[in-house]
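One letter stands for each residue in the lines below.
There are 2 protein chains.
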Amino acid sequence: MALKNLHGKATLTDDELNALKASAKQARINSLTMVQAANSGHPGGAFSSMEMFLSVYGFANLTPANASEIDRDYVIISHGHTSAGVYAALIEYGFIPAEDALPNFRRFGSTIQGHIVREVPGIDWDTGNLGQGLSAGVGFALAQRARNHDGKVFVLMGDGGQTKGQIAEARRIAVSQKLNNVIALIDWNKIQLSGTVEEIMHCNIREIWEADGWEVVECDGHSFPELFKALANAGKNGKPTVLMCKTVMGKDGGEMAGVPTYHGKAPGEPIYSNVVKSLGGDPEILAKALDARKNTPAPKPYREITPFEAEIETGTPIVYTNEKKSDNRGAFGKAVADVGKLNYKVAGKTPILVFDCDLSPSVMTGEFKKVCPDEFIQCGIQEHAVATISGAAAAAGTVSVWAEFGVFGIDEAYNQQRLNDINKAGNKLVLTHVGLDVGEDGETHQCIDYVGQARNMFGWKLLVPADPNQTDKATRYMLKTPGCVCLAVGRSKVDSIPEFASPDYKFEYGKAVKLRDGKDGAIFALGYLTQIALKSAEELAKQGVNVSVYCVSSPLEIDEAALKEACATGYILTVEDHHVNTGMGAILGLEIARRNLGAKIKNLGVEKYGLSGVSSELRKAFGLDSEGIAKSFIEFRK
Amino acid sequence: MALKNLHGKATLTDDELNALKASAKQARINSLTMVQAANSGHPGGAFSSMEMFLSVYGFANLTPANASEIDRDYVIISHGHTSAGVYAALIEYGFIPAEDALPNFRRFGSTIQGHIVREVPGIDWDTGNLGQGLSAGVGFALAQRARNHDGKVFVLMGDGGQTKGQIAEARRIAVSQKLNNVIALIDWNKIQLSGTVEEIMHCNIREIWEADGWEVVECDGHSFPELFKALANAGKNGKPTVLMCKTVMGKDGGEMAGVPTYHGKAPGEPIYSNVVKSLGGDPEILAKALDARKNTPAPKPYREITPFEAEIETGTPIVYTNEKKSDNRGAFGKAVADVGKLNYKVAGKTPILVFDCDLSPSVMTGEFKKVCPDEFIQCGIQEHAVATISGAAAAAGTVSVWAEFGVFGIDEAYNQQRLNDINKAGNKLVLTHVGLDVGEDGETHQCIDYVGQARNMFGWKLLVPADPNQTDKATRYMLKTPGCVCLAVGRSKVDSIPEFASPDYKFEYGKAVKLRDGKDGAIFALGYLTQIALKSAEELAKQGVNVSVYCVSSPLEIDEAALKEACATGYILTVEDHHVNTGMGAILGLEIARRNLGAKIKNLGVEKYGLSGVSSELRKAFGLDSEGIAKSFIEFRK
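Same order as they appear, the protein sequences are chains A and B.
The opening position of the first sequence corresponds to residue -17 in the working numbering, with each subsequent residue numbered one higher.
The opening position of the second sequence corresponds to residue -17 in the working numbering, with each subsequent residue numbered one higher.
The set of hints was computed from the structure by calculation and includes no laboratory data.
Computed cross-link-like contacts, SDA-like style, restricted to lysine to any residue with a CA-CA straight-line distance of at most 25 angstroms:
| hint | chain 1 | residue 1 | chain 2 | residue 2 |
| --- | --- | --- | --- | --- |
| 1 | B | K172 | A | Q360 |
| 2 | B | K276 | A | E599 |
| 3 | A | K307 | B | N21 |
| 4 | B | K172 | A | F358 |
| 5 | A | K517 | B | F90 |
| 6 | A | K602 | B | F440 |
| 7 | A | K316 | B | T243 |
| 8 | A | K316 | A | V353 |
| 9 | A | K584 | B | K546 |
| 10 | B | K247 | A | Q360 |
| 11 | B | K602 | A | N277 |
| 12 | B | K590 | A | A280 |
| 13 | A | K247 | B | G348 |
| 14 | A | K282 | B | K602 |
| 15 | A | K270 | A | S255 |
| 16 | A | K351 | B | G177 |
| 17 | A | K475 | B | A248 |
Treat the numbers as computed from the prediction; the structure is a model and nothing was measured.
Using the sequences and the hints given, assemble the complete structure.
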């Protein structure tokens, strides 16, 4: 019997309370059966959070009917390892059938995975790496606000993970953005993986939330009336609220109750049967689950998650000439402001959110802030949280752009971007000051590894435009393209390339654009190094050596036709201000080997951590100036 | 005139105070001259932190004479962008000469870099990426305690960066470890890059530090007597202490004072000259600095930073046979406990610290904890802080080991490990549960990108042993080898390989070990997949195809002789449970292309995010079981 959704109710009738209590028993039985059938999982937290799960899924405007819509309430289970408990609660509300979940938990090929995934209706964020859930919640809340939807966001967490610094970052952003529709719930069972919370790492949970400006409410995490009442009251004083839900790990789990061992372990017999019987169940369901696990195929995903498709106008590209020289970061800034203005508060258009970590003067989002003030979100120096927030905001129906120095956007926040990718969040990440093109900030600020970082995931598109014209067009392409897209630009003012200024030129993902033809070899240049490579080609021509020059702006995607054509010249030189072993040159080299294309390849790039210096000096030191490139080519051909 | 070090003084004589005040003027003049000569840098913070710099370098047991020793006080400037101010303070105490610093700030080739680096004496940690300094301080303090040295650690920070979550993590570890010898100082000037702290991101600085259990003391950050007194009192009540130093950004900087613009910008004329004159200086020093910048070579590094060389016994390898089957993570755990016990509290031996983030039962450091209780450091779920702490502890004279799930150790904390590398910290990172060998936790927990992450840096050595015997030997090798070394192991129990059990076998970094000879092709297998590749080779032999099998345990280092030999067979198949584009196979493929070795190569690996499942199922799904590998080889040779 499916439980009714009690959206927004503060007080339960006797019938409602009894139904919830019955479901809590059944859900504990079901979750323990999943864990026992898989012989793996986390029963302790599943049992301690059970009333929290059932209350939140009952209270929220989130049902099997609207779970795949955009404008509704959101529920994030940050302690994703309690998955068996979550699935059991979702069964009670009719999101998924018990006959799927019980046999297929943690089974290979099944959607009922070890850590929760969005392919299960009712799950809004793939979690498992702790500390990210509150950030996701803030992202959902910001998206809903931008979409003018008055929804609530519920974030459930464990207590052991309260120590993750990213949570503090998200707390402050929630307060600064006045998100009183975000309600956090902490399963305060005082036990974590290897012992009690007190033994492992003392943390004054109440004090740290209060210090960041949240309303803190304590309640009995096993009492439905207390939980519903607290949920209904949350946010009424204008602040985001956290409920510290006092619970017992393994509650109602007999010998498992209060024992850290069962944080992450199936109980085995006789505990399994004893617990099921004490909850009024029949332990025989385990045998049935095991039989189905063995003899029936794993169920297909309940839904396919695809990135949100934005409805926006992308306007007309700005044309840059060499009289109106610009930096690529500036061209991004102008383009995003232009598109922002075109769509700002226009009915039927997707909101465009731009996130900032106190760098707008450097990452050039100041103009956007001016023209779209309500869609510019200042987040302070809190990159881990912002990476996740921008991901969740994208998943919940906005064009979500975070412009940031390369080292912070993809090095500092790599795991957050990896989880955005896994979540198919579809956020837009703009990395500025990449490569050696940082100015004199030195090695800690030189993001010479962004191609490698993006290559190390599966779903990201990476755009590295060469000049302001291509940057403008790539920016508009990025804003309109579903999925996770990263745009990487440097700091220097660079020459414009006439081909990209032409109204006929459209940014085409994956295409290497041949800008010069030659038969003695080919240079593939990444982004703004194209201009320099073109100069090298002219110097080489003076020496009687004629080379093709290809501009690569999508280094993760190989333009097979261009590569094959270039290989016919016998010599491929790659040029980039990126780690020489993990960038575009490495990608092309590997492809030459895999396809046995036969051409010789030489990679120019960054071979050690750099020093302070202006870009041109740094490039010269690594042989990436026009003279150095030409010299390398001559030596290579010898 | 160099200032005297006033180590530990609480009260200043008039002469001392006057000397400090004179130095503060001179240091402001010098730092502004550096910024103006470079036409780049951060004068605002340099001026507001100046009395803090001079007080801490005066108070600490850190002098030009002992700056390169291990056992002394440590000073970390976390807001490393205030570098011009730091260098100016170091000039006053005689660490570096003014004639080097003034002309060479942010100059290409110079050690006087944009963000501070350890090559300058008096600088203990390369910073610039905010939020990491307190973690470094905790690491230094733990190392000094382990070495039985009663030193102090001073961490200076800005106020805008107080929002970084990693600081909260480090605060809790400091309290949990009772590090009352850590003294933090916040430059509380209330201005950050793009506006006031209040505008950018409200943060209740006092409350968040108090909530985590620190003693908070407010003082006038421009008053030497208040600063020395506060430094002398800090820690007396047994708690770590933070001084909130009330300052003015750009203090004594005339028009620059209190203006956010000068956070990161040279003032230009007439401001430069006006400020210098108002401080009693002669603006002509700028012309001299510019002349020297143009006409003299950049100074050499003042000192070379090399990783600490540990003095430990590494004992006798444990021998594993197939009767005594083990997992590689278990073999690591036994080896580190064995070496720990051998050296624990033995005079003259380097302390071995093992850090844990609530995962010791999974990462197998429980035995070490038992035998070396004082050297096991429980840090809770706070990976960003721990990554930096373990780095700094290594730099300050310990063997520092952090054992952690792969996704948290190198994905979540990538930027911290990158900065450990830049710092030449020499920490030891043990990644467990790597590749598909995680158990049923699913995609968020599968670290299929660690080879790519390590390859994306420059200094890391990566060891991926194949069996428990090789793991044991690689662990002992890691513990004794200076520099950043990462050991990566899976979760499953695996077969032992007789060759590695032999007393004659020694772990040799960079060597690919040929375990089987064949003329029809070669398989290079990473780590524990070697056993599976050997089975494939036997299956292939039954079909009349004889292949060599190489065990690769150092994927970042190419065994050129082995590769050349293998290429002579014409066919190279690589096998790993890692992202197929960023692992060992990609490295070998690129090398084949670069050296034009002519052999055909095919890479087997992980081609998308995985699912929940036991390792063997997941491997099979990606064709990484013995049958799949054999089949791939046959198709490849067609």
